[in-house]
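Protein chains in written order, with the numbering used here: chain H, 1 to 420; chain R, 1001 to 1235.
It is worth saying that the hints were derived from the structure and are not from the lab.
Below are the EDC-like pairs computed for lysine to aspartate or glutamate, each with C-alpha atoms no more than 20 Å apart in a straight line:
| no. | chain 1 | residue 1 | chain 2 | residue 2 |
| --- | --- | --- | --- | --- |
| 1 | H | 318 | R | 1059 |
| 2 | R | 1233 | H | 393 |
| 3 | H | 47 | H | 75 |
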Amino acid sequence: MSVPLEPKVEERLRELGEVDLLVGIPSFNNARTIGHVVRAAAAGFAKYFPGQKAVIVNSDGGSSDGTPQIVTEADFSSPGRILVSRPLTPVHKIVTPYHGPPGKGSAFRTIFAIAERLKARACAVVDSDLRSITPGWIELLLGPVLEGFDFVAPLYLRHKYDGTITNSIVYPLTRALYGKEVRQPIGGDFGFSGRMASHYLTKPVWESDVARFGIDIWMTTTAIADGFQVCQSFLGAKIHDAKDPGADLAGMLVQVVSSVFDLMETYGERWAPVAGSDEVPLFGFPHGVGLEPIHVNVERMIGILRQGASDLREVWEKALTPEDLAALAAVAEATPFRFPDDLWVRVVYGFAAAYRRRSLPRDQLLRSLVPLYLGRTASFVLQTAESGAEDVEHVIRDLADEYVRQKGYLLSLWNANGNA
Amino acid sequence: MQNDVMSDVIGKTLAGFREELASFGPRLLAMLAILAGGAVVAGAVRLLVKWLVPRMGFDRFAERVGVTGALRRGGVSGLPSNVLAIVLSWSVFGLFVLLGIGALNIDYARDLLSRAFVYLPQVLIAAAVLVLGLMAADFLRRSVLIAAVNAGLPSARLLAALVHAFLVVLFSVMALEHLGVGRQVILISFTIVLGGVVLALALAFGLAGRELAGQALERLVRRREEEPRDELKHI
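Just need the whole structure built from these sequences, with the hints factored in.
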């Protein structure tokens, strides 16, 4: 089904014909930051891809703070405005509203459609609330595509306690399922080829949760599972507009984990035969990060796990074996507190299988994972309290290896579901 | 003479009985035949439902929407498909019983039959209200339990049980009200009980436990103010 575009956008596409490069920026009320992102993209084109025909596409969800106007009025006509010294090739702009369910996925769909129409060779999408984006990001996201890769996943510099859902569930599970070492599968900023964009458009997901909130993991998983050439680029730190890190953890966990579990159903036949895991090429220059202490209330997390072990048994028994339930009860009361890797992996696999067989309403099932996730995170924080970045990465890698080791257990649960 | 009178009376009585039997007998036989047919059909329905419904994934569906849990809490431990088979087969047999009574063609039976058919939709609607209500109560009980645990509330189970009890009572009252059973009495009782509970809680919290409540609220507010927020980012 073709993607609906505004008549003026259609006209602009006819004017432009074909382009070499495209950077898409989804937005919704990002007037404070989008100007910086647009300037970084334009400078990236000028600095790293001089002479190539490039376009910036802003796909907006109906902002009321003037976000599209800021993009429209952004001026790259002289080198001084974007701090580059060489003569500029014009950077074109398309500002368009998107259609479909409100969400980043619908915004991306419009960007993919425009990329396909303009026959762009290399494309990237970057968040509109980024404060740390530099022109170098454009080179790192588009460059590998021009070298032949179809999908570039971001690799950010992060504090050891950032991205705990990614580190304890999304990264190790994606690696074990699909056999590719993509460290941050839900990064948010990606590079991709024109043919990858066309491939995304063929998928019947644009009225589903992918259109609303699950686009990041969907793009990564689709690229890997459908056999496209995948790599990673090290982008440095990702700093974006301040959000409350503790805001609605349960909602966030449900969105992320349901997206991963939905994809497990879609690609069941692809991941089942995959064994082990392969590295993917890495672009950029990784470096370490300072480990300034941050506040984490470990006691509160353990308290919630303990309460879950006492009150949520009737829910957890829909997903976990009696042995694992007994082990969880023991973990909750143990001193010193430690949530072992093997038990955590069996918990995640048990929930994945229960999600598939719909043992409970899916939202309830995944919300009941919160105390377990908090317990596991508390254990990770305690285990790595004195560790440097490299040691922490080893701990995460060990967990990822445990996911691979227990894949047979997942298959037995999964196939039992299918035969039920 | 006396013997003639007696034989005449007996003869008339027997003749009357024969006439009654001749007219009522076929209707009685028809009723028995309908009951026998009903038993066979009900048995067939039971077997069919027990065979077909589990294959349509009904038991898993019932587990998911909370019917199994609600049945278990009500002391019914069998599979939901089995329970459905029993309910349907008895309903079918009940229908045949009503038809059988109608076949007797006596005024009282006809009246009973027509009243039963008028009342049947009310019974079905009340049953639907009750079943859906129990499912909703079970779903909300679990939602409250999970949300309360995730929020770290110490009395999560109590809170969930209160929500469940309130909804079960509410839907039971609605079902009975629909059946027209003691309509006024039930509504008034429910209002009095609910009002009484709320008043009792208000008094308990406001008077008897005001110091305790004050301390608890103070602790809660202080803890919220003192506790620094987690700086860990989950994604």
